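Visitor: The primary structure of each chain is shown beneath.
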Amino acid sequence: MEAVLTENPASAGTAPGAAIELSGLGKAYGRGEHAFAAVRETTLSVPWGQVIGLLGPNGAGKTTTIKMICGLITPSTGSITLGGYDVARQRSHAVRQIGAVLEGSRNVYWPMSAWENLMYFGRLKGLRGSEVRPRARRLLTDLGLWERRHETVGSYSRGMQQKVAVAAALITDPPIILLDEPTLGLDVEAARTVKDWIAHLAADDGKTVVLTTHQLEVAQELSDRIAVIKEGEIIADLPTTELLARHAENRYEIRVAGSLDGNVGGLPAGARVEPDGSGTRVLLPDADSATVYAVLDQLAAADQQLVSVAQARPSLEAVFIRLLHHAGAAPTPEAGGEGTTP
Amino acid sequence: MTMSLSAPVASTRGSWVVLQTRLVANETGKGVRLMWRRRSMVVVGMAMLALNYLGITFFIGGGHVVEPLMVETLPALLAVVLASTAAVQGSGGIAEEIYGGTLEQAQMSPATPQVQILGRIAALAVEGLAGAVVLGAVFALGFGLDYDLHPAALVPGVLTVVDALGYGLLLAALTVRIASIGAITHVFNMVVMFFGGMIVPITVFPDALETFAQFVPTALGVQAVNTTMAGEPLSATWSDGTLPWLVVHAGVLVALGLVTYIVNIRHAQREGGLSPR
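For the record, the sequence lines run as chains A and B.
33 is the number that UniProt numbering gives to position 33 of the first sequence; each next residue is one higher, with no gaps.
234 is the number that UniProt numbering gives to position 234 of the second sequence; each next residue is one higher, with no gaps.
The shape of chain A in the complex, shown without the other chains (with noise of 0.2 Å):
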C-alpha cells in the first residue's frame, strides 16, 4: 500500500530542482500493425514558477501528454515526476502537486452548486472541511461568483462554469496548474477573465503552469516557453522571446520625420514608402543588413531626420505555422537555455 500524507506536499512547492520532469515519455496505443505513437519520447523540465506552452495542431499529442502528467493516462515509456514525487510510484502525492482544467469536459460536477463542488474537490484531495471553506469563499468572491455559490453551476453561463473548473482545480492551491484549452468554446469576455487569472496565478501566486491552446495570440501573451508538439514530438522548445527573436525576419520598418517627397533614390527593389502620420515609413521586405545600412546612409544624405529603425518580429501564430511546415528547420534546443528536444 502506498503511503499517504506522511509529509506536507505543501513543502514541495518550495522544493530544490524542477516541478515537471518527462523523461522519454512515450504513449502508443494499440498494438503490432495497429500500434499508434500518440506521444514520442519527450524530455522536458519545467522549472518553479514558469508558464510553459504546449502548442501542436490537433491530435499531435498535447492532451496526452497533459493527461500523463495528471497520471490520467499511463505512459507506454518514461517517467514523469512532479514536484519531485514519481507519478508512477508516489500518485497519492504527486496528484496533489496538481490542478488540472482538462479539455472538452465539464470538470465540475453541473448539477451541485459552486459551494458543493469546491468542497467536495477540496475533501477529494484529502483536505478537511474547514480547511477547504476559506479557500472556496476567497476563490468564489474573486472570480465574482459568490452571490451565486449555492446556485447549480448548470445553471450558469459557459464562462462562469469555466470560473468554476479553474476554482476547482485552485481549490488546493496546488503549486501546478495544468490547462488543457481553458479558453475553447468561451466567448471574448469570459476568455478575457480566465487568461487574466492565469497571468495572475503566474505573477502573483508563482503557479508553474502548462497551458495547451489554439489561441496562440494568448499562449503568447502568457507564456515564458514555449514548447510546439508535432505527431507526438516537441520540435521546439524555447522561451518565448528568444523562439520569436530566432523567427525574426529581413523585414525592416525605417521611420523618418516628414515626408521624403523624392529626396531619395534607388531604393531597393520591392522596398515601399508610406505616409505615417506626420512622418513616412519605408519597408523593407527583404533585406539584409547591408541593404539597411545603405538606405540610412541615403535618408541621411537627403537629410531625413531618422525616427527609428525595427526589425519586423512574426507573430507566434507565424512562427508556429513555419514550424509545422519547416519541422526539420527547427530551433535548435541546445540554445534554449531551459528547454530540451529528443
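In case anyone wonders, no lab produced these hints; they're calculated from the structure.
A quick note: this is a predicted structure, and the numbers were derived from the prediction, not measured.
Check the hints yourself; a few may be wrong.
[To be verified] Partial chain A-side listing against chain B, Cβ under 8 Å, derived:
#	residue
1	C70
2	T74
3	I98
4	S105
5	N107
6	V108
7	Y109
8	K125
Glycine is no exception: its CB is placed at the ideal position from the N, C-alpha and C atoms.
Chain A is already provided as a structure; the job is to place chain B on it using the hints.
Guide: Coordinates of chain B only, in the frame set by chain A:
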C-alpha cells in the same frame, strides 16, 4: 522564484484509516447530493416500479390482491428497488462522469479507485434503501399486510442488501469498459425482476428454473428473508443451504465488482478511456 502557498495544500495529520474514511464519506456525500438533485426522477422511477408490481399482482390474483402472495413477493420488490437503483444509478453515474470529465478529475486524488467506488456504492445504498423503505411502508400499510418482523430476518436482510449492492457495483464497474452498458443493465434488471421472486416466490418455479433463479442477484436473500419471517429460525436457512449460498453469492458479487472496477480503471488509464470515447 518562491512559491506562494498561503492556503493549506493537504492535511498532514490523521491516520490512513481516518483519511480513507473521510474520502469514502466525501464520495457518499456527493452521491447523496446528486441523488437529491434528481429526486423527482427517483420518485417517478419508484412509482413506475410500484405500479408494475401492483399490476402484476392484480393480474396473478385475477383482479384481486392475494395477500399471502404479496407478503412473500413484497420483499422481492424491495430487493429489486435496491438492486435496480444500484445498477441503473451506479452505471449511469459512471457513464455521466466519463462524459462530463469528472471521473478524470476524481482520479487526481489520493483516494484510490476502490475507496471512491465504495463511497459511490454507499450513496446508492442510501438512495435504494430510502426508496425500498417508503415502498415497503406504503404497501404493508396500504394492504394491511401482516409481517412477523423476526430478528433472525436481519441477517439475510443485510446480506440481501450487500448482494444487491454487489450487483450494482459490478454493472458500474463494467460501465468503465463498456460504453453501451445501459441496454445490458436493463436486461439484467428485468431478469432480477422476473426471477428474483417479485412476481411469484421462486419456490414455486419448476426445478430447473428455481436452480437458475438462485444465481440471480437478491433471489436467495429474498428466499431466506421469507423463511425467517415465516417464523423459521435462522438455522433453517443455513441447513437448507440458502444462507451459505447467499453469503457466497454476495461475497463473490462484491469482490467481482471491486476487482472489475480496479481492472477497468487501469485499462482505461492505459487506453485513455477515462474521458469520452
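Visitor: It remains to establish, for every hint, whether it holds in the given structure.
Guide: Hints, one by one, checked against the model:
1. C70: holds, 6 Å
2. T74: holds, 5 Å
3. I98: Holds, because the Cβ-Cβ distance from I98 (chain A) to chain B comes to roughly 7 Å (cut-off 8 Å).
4. S105: Result: holds, 2 Å to nearest chain B Cβ.
5. N107: holds, 5 Å
6. V108: At 7 Å from the nearest chain B Cβ, V108 (chain A) passes the 8 Å test, so the hint holds.
7. Y109: holds, 6 Å
8. K125: At 6 Å from the nearest chain B Cβ, K125 (chain A) passes the 8 Å test, so the hint holds.
Hint compliance for this structure: every hint is met.
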